[in-house]
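S.K.: Read off the chains here:
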Amino acid sequence: MEEKRIMPDKSELLLGCAPITERPGMDRAMRVAINQVRHSKKAATFGHQQAFDKALAKLVRNIPVDEQLAEWFVKENLVPVVRRGWKKIVRNPVMIAIGIALLVIGGVTAYRVYEKLHDFPGADKARRLLSVAASNRSVLLDPLQTDAGALSDLFFMKHHLEHYDVPTEFAQFKTLGSRVFDDDEVRRVAQIWVKEKRMQFFLFPAEPDKEGKINDFSDWRFVELEGWTGAVTQRNGVCFMAVIRGGEKDLRAYLEKKNA
Amino acid sequence: MAVTTKNLPQLYRFCFLMTGDAAKAQTAFQDTVRDAATRTDADEPPPDRLWFFREARERCIAVTEEGIQAEPGLLEEAEISPDAAAQIATLTPEQLAVWISAAPEPQRSAMALFYLDEFTLPELLSLLDMKAGELSDLVCSGRRQFQSWLDSTTAYYGGEAHHAG
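From first to last, the protein sequence lines stand for chains A and B.
Going by the numbering used here, the first sequence opens with residue 32, and the numbers climb by one from there.
Going by the numbering used here, the second sequence opens with residue 1401, and the numbers climb by one from there.
Here chain B stands alone, though its shape is the one from the complex (with noise of 0.2 Å):
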């Protein structure tokens, strides 16, 4: 796939689960935009849109290193369940980025790749520097992690999702 500003939204997407902040997400996509620009100019183009979820990811890392740092196993964790679809129903995206930024790295970033719904595997494990197996560990923690956080926020009854709290 050619690397065009058709890709953008997706990598501004990426920022905004990473950093879950509008205005650290804007600040890590328009870096990573104009160092693009940078190397086109100067005739040294990114060789691939996988560079520029590289690149952002980087600086997301960076920007958001300042807050507090999740730690990795503090999550409870529960089955995915079968009303999950109704319940993730009820949220809004700037949630799902806030719980999302706050995973400890490399769940954070292999979360927000897998659901943007954008790489094959192949690509995930290049971007994330990984193997399938622990790409497949941090996704299922994480969808377990999620689902626990979404029965302690949410509640579903007959159909119909409430808010809990």
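Just chain A, with the same shape it has in the complex (with noise of 0.2 Å):
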């Protein structure tokens, strides 16, 4: 009678390849297949196979090498040992990332850097008051219909505010509203709000440069922030800064008009 074949498992079929020598880093499925015929009944028949196969490789580690052909072994330049080369290395998508990576980082650093350098005493109080353009509502100021350069006798009758002028670029815009409040950093800040592109106009205390002296500037300097970019010029220790929602060029077309 014909003997019936059984199929075997996977585990089987891995222990009919089990490593000769067990290495790090051997497959999990290898790993629990050997385990598991270890404390099983089979574990002297794996046994046997392990010693033929360690014997077998023990006769293969023997066959003899001929001396000539062992020159060739210690021939190390005859195969270099492969470097990865510079071009390989740069080409690799990781490697890309990191490039971009640090040159978005330099790019924002460097940014900084010209920033800073290029700031007027002041600008970190601007851009304060830049935030607080982003966040503010029209409805928080007292509403009021007026030009704007009128606003420089209220604020000094009402709030004894000195010098808080907006300049004539801006003097006859029509406002919305106004408002006069304390900051923990800027101080005592004019807050207006004007129909025209829904601008907003602020003017603070100038800030001292690091003498201590307070240097008045009568060109226009810019600040942007998330979006926001307000122009600032300083007159008699205050700063009027015209704030828009856009870039720089939004705010030029109006200086320039002026200019005209």
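It should be emphasised that the hints constitute simulated quantities derived from the structure, not laboratory data.
Being a predicted model, the structure only gives us computed values, none of them experimental.
Backbone N, C-alpha and C fix where the C-beta goes; we use that ideal spot for every residue, glycine too.
In the DSS-like style, the derived pairs of lysine-lysine whose C-alpha atoms are separated by at most 25 Å in a straight line are:
#1 A:Lys85 x A:Lys72
#2 A:Lys280 x A:Lys226
#3 B:Lys1424 x A:Lys89
#4 B:Lys1531 x A:Lys41
#5 A:Lys226 x A:Lys205
#6 A:Lys73 x A:Lys85
#7 A:Lys228 x A:Lys205
#8 A:Lys85 x B:Lys1531
#9 A:Lys205 x A:Lys280
Some but not every residue of chain A turned toward chain B, in silico, with C-beta under 10 Å:
#10 Lys41
#11 Glu43
#12 Ala49
#13 Thr52
#14 Met61
#15 Thr76
#16 Gly78
#17 His79
#18 Ala82
#19 Ala86
#20 Leu87
#21 Ala88
#22 Asn93
#23 Ile94
#24 Asp97
#25 Leu100
Can you join these two chains into the complex? Each is in its own frame, and there are hints to help.
M.R.: The following block contains the structure:
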């Protein structure tokens, strides 16, 4: 009678080609199969197989190598170690990603340094007020419909704020409202909301330089923060900042219009 | 693992097991290494150490094609003996190489690569381009056939092995 062949399971298949020398990093399924068989009834059979394999592997290691041929093995330059060239390293996606990240970080850092070097005293205060502009709503201000230039008297009479003057470039703009508030860092701030492009004006005390002097400037200097731009000028120790949601060119249009 | 000349002795042993003949093994080995050196000079070095064994396998198959080819399934099989290790210890590497080189493909390559004790299972499967089940079948039947051959050529009495013939 012909012997019935039983289909071997996966662990049996793996054990058929179990490694002769067990090295670290062995496949988990293989490791499990070996551990299981060593604690089963088939342990002795598997032991015989391993002894058989080790004996054969030992015989293979004893295959003599001809002296003439052995010379090939000592010529290290015959088959040099494959080193990864710089071109291959540069083309590696990981290296490309790291390179791009470093470029971006470098670019941002350079921009920040450039910005700091060209900052005027009070630029930090101006940026802080840009965030105030971004988060405010016009309903927070006291409604007031007049020319922006007319508010200088109001600030002086009502709040004793001297030289809180709106420059001529923006003096004719119609206001929606205004308020005066105290800020921890900027101190007394006057805020005006105008109809034109929903612009906001800020007037605040100028920042002294490192030597403690306040140096006014009549030109316009720009600060930006998260899509908001402010044009700042400083007269009589008071900074005026016109703020708009947009870029520098949106504000320059108003400044050039006046100059023309 | 880097491809260095330190891997070459194993490559030669593989060629020897595949051909069963030192001269043929030397030819296959040298041609493979020369090819690798040429590629390295041309700035296209072999990608990994497996490349050497794939190339050498093809050369060994080609160099032995002219001889008598073994047919699968003609050899008798026997269960692995507890005394197999002692029986094998009486053999010479040349006898083993002759036996393996006489096996049909792909069993010959499977046995030669497996008993080099050089590769992991995934590497073996990649080199032989087969599944674990196929490799297992080839190695298992190879073991039993080798045991049968051992039994017919050697005898073991009380811890001492003797050649039968």
